[in-house]
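Listed here are the chains, written in short residue letters.
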Amino acid sequence: MAETSTQTRARRTVRLTAGRLHQNRWMLMAAIVAVLAVHFFGVTSGRFTAAIILLLVLFALVAPRTQASRRLAEVAARTERSPLDRLSGEKLAAAVADPLIIFDRDGAVVHANEAAVAAFGVVRPDLPLLLKFRAPEMQALIEGVLGGQSGSLSVEYVERVPFERVYRVAASAVGRGTGLYVLAFKDQSEARRIDRMRADFIANASHELRTPLASIAGFVETLRGPARNDPNAREQFLQIMQNQTGRMARLIDDLLSLSRLEMKAYVKPGVKVDLRQTIEAVIASLSPLATETGVTIEREFEEGEFEVHGDRDELFQVFQNLLENGCKYGQSGGRVIVSMHRSTEAGEPEIEVTVRDFGPGIPAEHIPRVTERFYRVDVETSRAQKGTGLGLSIVKHILSRHNGRLSIKSEIGKGSAFTVHLPAR
Amino acid sequence: MQSVHIVSAYDEELKFLSRKIAAMGGQAERMVDQAIAALVNADPALGQRVIQDDALLDEAEREIDDKAILIIARRQPMATDLREIIGAIRISADLERVGDLGKNIAKRVSVVAEGRQPSSLFRGLEALAELALTQLKEVLDVYASRSVDRIGFVRDRDEQIDAMYTSLFRELLTYMMEDPRNITPCTHLLFVAKNIERIGDHATNIAETIYYIVTGEQMPPERPKEDKSHRVTLTGDA
Chain Y
238 MAETSTQTRA RRTVRLTAGR LHQNRWMLMA AIVAVLAVHF FGVTSGRFTA
288 AIILLLVLFA LVAPRTQASR RLAEVAARTE RSPLDRLSGE KLAAAVADPL
338 IIFDRDGAVV HANEAAVAAF GVVRPDLPLL LKFRAPEMQA LIEGVLGGQS
388 GSLSVEYVER VPFERVYRVA ASAVGRGTGL YVLAFKDQSE ARRIDRMRAD
438 FIANASHELR TPLASIAGFV ETLRGPARND PNAREQFLQI MQNQTGRMAR
488 LIDDLLSLSR LEMKAYVKPG VKVDLRQTIE AVIASLSPLA TETGVTIERE
538 FEEGEFEVHG DRDELFQVFQ NLLENGCKYG QSGGRVIVSM HRSTEAGEPE
588 IEVTVRDFGP GIPAEHIPRV TERFYRVDVE TSRAQKGTGL GLSIVKHILS
638 RHNGRLSIKS EIGKGSAFTV HLPAR
Chain S
42 MQSVHIVSAY DEELKFLSRK IAAMGGQAER MVDQAIAALV NADPALGQRV
92 IQDDALLDEA EREIDDKAIL IIARRQPMAT DLREIIGAIR ISADLERVGD
142 LGKNIAKRVS VVAEGRQPSS LFRGLEALAE LALTQLKEVL DVYASRSVDR
192 IGFVRDRDEQ IDAMYTSLFR ELLTYMMEDP RNITPCTHLL FVAKNIERIG
242 DHATNIAETI YYIVTGEQMP PERPKEDKSH RVTLTGDA
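Line by line, the protein sequences give chains Y and S. For the first sequence, the numbering used here begins at 238 and goes up steadily by one. For the second sequence, the numbering used here begins at 42 and goes up steadily by one.
Among the clues, some could well be false.
[Claimed, not checked] The calculated label-pair distances, taken between Cβ atoms and stated as ranges, are:
id : chain 1 : residue 1 : chain 2 : residue 2 : range
1  : S       : D220      : Y       : R620      : 20 to 30 Å
2  : Y       : V395      : S       : Q93       : 13 to 23 Å
3  : S       : R187      : Y       : L329      : 28 to 38 Å
4  : Y       : L329      : S       : V45       : 43 to 53 Å
5  : Y       : I431      : S       : Q93       : 31 to 41 Å
6  : Y       : V354      : S       : M119      : 34 to 44 Å
7  : S       : Q93       : Y       : A486      : 48 to 58 Å
8  : Y       : L493      : S       : T256      : 18 to 28 Å
9  : S       : S186      : Y       : H578      : 27 to 37 Å
10 : S       : T256      : Y       : L446      : 48 to 58 Å
11 : Y       : H259      : S       : R187      : 52 to 62 Å
12 : Y       : R307      : S       : R187      : 51 to 61 Å
13 : Y       : L321      : S       : D52       : 34 to 44 Å
14 : S       : I127      : Y       : E544      : 42 to 52 Å
[Stated by the list, open to error] Negatives, chain Y to chain S, calculated, CB over 12 Å:
id : residue
15 : H259
16 : F370
17 : Q376
18 : A407
19 : F422
[Stated by the list, open to error] In silico DSS-like pairs for lysine-lysine, Cα to Cα no more than 30 Å straight-line:
id : chain 1 : residue 1 : chain 2 : residue 2
20 : Y       : K623      : Y       : K633
21 : S       : K235      : Y       : K633
22 : S       : K61       : S       : K108
23 : Y       : K633      : S       : K108
24 : S       : K148      : Y       : K423
25 : Y       : K423      : S       : K178
26 : S       : K148      : S       : K178
Treat the hints as calculated values from the structure; they're not laboratory data. What you are looking at is a predicted structure, and each value in this text was computed from that prediction instead of being measured. Cβ coordinates follow ideal geometry from the N, Cα and C atoms, glycine included.
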């Protein structure tokens with residue numbers, strides 16, 4: 238026990254001495270060289286020189302090392318810095334929720350984090366940034382920061398298509414002399430969308446809501462005036478008023494669900510949904526309507542699993558809207574066929590669900606436009622069927638959120654087929 | 042572009058060309074976008090700004106032409122480089138035309154703004170413009186990324202634009218027949234729709250040029266498969 242402690246002490250002394258020698262080596266060598274030089278010029282005797290050198294070495298051995306407090310501070314600084322030192326820029330960028338793009342002196346992309354890829358599509362390394370962000374203010378921003386304008390610059394950047402997004406973009410150099418720059422995007426789309434929604438609501442919805450309101454107002458007036466004592470007319474008018482308020486309520490429901498969808502247009506939904514089950518549920522919920530309109534709903538499902546990634550309620554609404562349309566506007570055909578099968582026609586595996594009716598069909602010139610809001614092929618029929626003019630617009634929005642699409646085929650007199658294409662999982 | 046030349050100034054010149062094309066593209070996208078916004082919101086001041094911006098595009102096109110001619114004279118480019126330079130000349134011409142069409146739309150703003158038109162008319166135009174702008178954006182994105190393998194979407198969307206245009210045309214005619222007072226604004230809107238449709242065509246041209254730059258071959262002439270076309274129109278089998 239005692240022996241070991243002596244050993245450790247000896248070892249520590251050796252280490253300490255070596256350390257001192259190491260630390261003072263330059264001064265020591267310079268001194269020795271100077272003494273030797275003096276010796277060669279014959280000023281001093283050999284023994285005297287040797288003595289001086291020995292003295293110098295001894296002095297170097299006992300001379301104190303750097304002060305302990307300073308040494309401690311250095312060690313502390315090293316441990317403090319190390320977690321960040323080990324952190325790569327890539328990991329840091331990945332942890333940031335906002336899109337972040339790092340680029341070099343030539344304006345070529347070095348790294349784009351996951352959020353940036355989600356927002357702007359694949360941004361491969363080496364892609365010249367100026368080619369990707371072409372809006373004049375972005376060009377000015379990137380050129381400004383590459384040109385050495387100091388501080389962080391920022392502009393507002395609007396990406397109009399495929400859906401409107403607004404970013405506050407800040408560009409700045411990373412550190413000093415690294416030759417790297419960073420573009421940080423801050424999403425401000427939501428505020429803009431709320432603004433837009435309000436304007437849209439006033440423009441579209443007020444007009445749509447006015448019509449039923451006007452008719453209700455008219456009937457109230459009649460009921461208070463000429464028809465005051467006519468029980469038959471009263472009953473009839475109240476019935477019409479009830480229908481009109483129902484229509485307004487439906488319109489508001491549709492508007493709300495549409496604006497909700499537009500608000501979160503690029504939040505990709507991500508739960509597994511069994512389409513077969515969903516469609517069965519839709520058919521069950523629509524059976525009263527089918528009976529009322531005298532339409533039979535037929536199924537043509539392929540064998541196997543039909544699972545997609547998505548939001549069950551939203552997909553439910555897609556098929557509900559399509560089937561409802563089929564029953565209402567294809568009433569004269571007497572049946573609606575829902576078929577579901579897999580396809581790889583477009584390259585990627587897809588699940589196709591087709592709702593086919595045998596009604597009057599849609600004229601060709603209207604087909605590209607039926608998914609527009611409030612677009613109606615025939616205003617009278619739509620009103621009579623309690624349509625709001627928003628159903629297919631909602632379908633389109635939900636599908637684009639699911640990376641899907643809607644295709645429409647129709648022939649006058651033979652009926653229409655609405656096909657939903659969803660990427661298969 | 043990707044290759045490195047012994048004379049680095051040559052690389053710089055080629056990079057300058059593609060940067061300039063991108064800047065032109067951004068400017069053209071902006072002009073079309075603003076022209077439509079000016080039309081829909083009846084904002085003649087914005088229209089005036091668009092008209093003034095067109096000079097920038099003209100200037101950029103001249104600059105690209107000069108630079109391209111200089112490079113050809115000085116460096117005697119071959120293969121990819123030559124295609125890159127010729128492509129730049131062609132794309133800049135297309136973009137300049139897009140700018141002109143945007144300017145033409147902007148010029149009609151004040152006439153159309155005089156009488157307030159039914160908003161459904163503008164909704165159709167907006168949808169058409171959105172298609173054309175998406176087309177232009179995706180094509181220019183391909184110019185940046187050089188991934189021509191999925192450039193087929195261009196023709197696909199071009200068909201959608203055509204179908205939408207046809208539908209708008211019909212709708213405008215109906216309005217004119219309903220009321221002769223609509224004829225003036227509707228005729229202007231008809232030209233606007235035509236301009237937007239032409240913008241889509243120019244975008245398709247650019248896509249073909251890019252395909253040529255990257256592969257050295259002309260884009261295959263055959264139409265896309267049935268799968269693509271039915272999304273757009275029409276009275277095929279129901």
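Tested hints:
1. S:D220 <-> Y:R620: 20 to 30 Å: Holds, at about 23 Å.
2. Y:V395 <-> S:Q93: 13 to 23 Å: Once the Cβ atoms are compared, 20 Å apart, the range 13 to 23 Å for Q93 of chain S and V395 of chain Y holds.
3. S:R187 <-> Y:L329: 28 to 38 Å: holds (29 Å)
4. Y:L329 <-> S:V45: 43 to 53 Å: About 31 Å separates the Cβ atoms of L329 of chain Y and V45 of chain S, which means 43 to 53 Å is violated.
5. Y:I431 <-> S:Q93: 31 to 41 Å: Hint holds: Cβ distance 32 Å, inside 31 to 41 Å.
6. Y:V354 <-> S:M119: 34 to 44 Å: holds (36 Å)
7. S:Q93 <-> Y:A486: 48 to 58 Å: holds (49 Å)
8. Y:L493 <-> S:T256: 18 to 28 Å: violated (49 Å)
9. S:S186 <-> Y:H578: 27 to 37 Å: holds (34 Å)
10. S:T256 <-> Y:L446: 48 to 58 Å: holds (55 Å)
11. Y:H259 <-> S:R187: 52 to 62 Å: holds (57 Å)
12. Y:R307 <-> S:R187: 51 to 61 Å: holds (56 Å)
13. Y:L321 <-> S:D52: 34 to 44 Å: Given a distance of about 36 Å, which is inside 34 to 44 Å, the answer is holds.
14. S:I127 <-> Y:E544: 42 to 52 Å: holds (50 Å)
15. H259: Since the minimum Cβ distance to chain S is about 47 Å, H259 of chain Y lies beyond 12 Å and the statement holds.
16. F370: violated (8 Å)
17. Q376: violated (5 Å)
18. A407: Since the minimum Cβ distance to chain S is about 19 Å, A407 of chain Y lies beyond 12 Å and the statement holds.
19. F422: holds (17 Å)
20. Y:K623 <-> Y:K633: holds (20 Å)
21. S:K235 <-> Y:K633: Holds - the C-alpha atoms of K633 of chain Y and K235 of chain S are around 26 Å apart, at most 30 Å.
22. S:K61 <-> S:K108: It holds: about 10 Å lies between the C-alpha atoms, which stays within 30 Å.
23. Y:K633 <-> S:K108: violated (46 Å)
24. S:K148 <-> Y:K423: violated (35 Å)
25. Y:K423 <-> S:K178: holds (21 Å)
26. S:K148 <-> S:K178: holds (23 Å)
The structure is inconsistent with the numbered hints 4, 8, 16, 17, 23, 24, although it conforms to all the rest.
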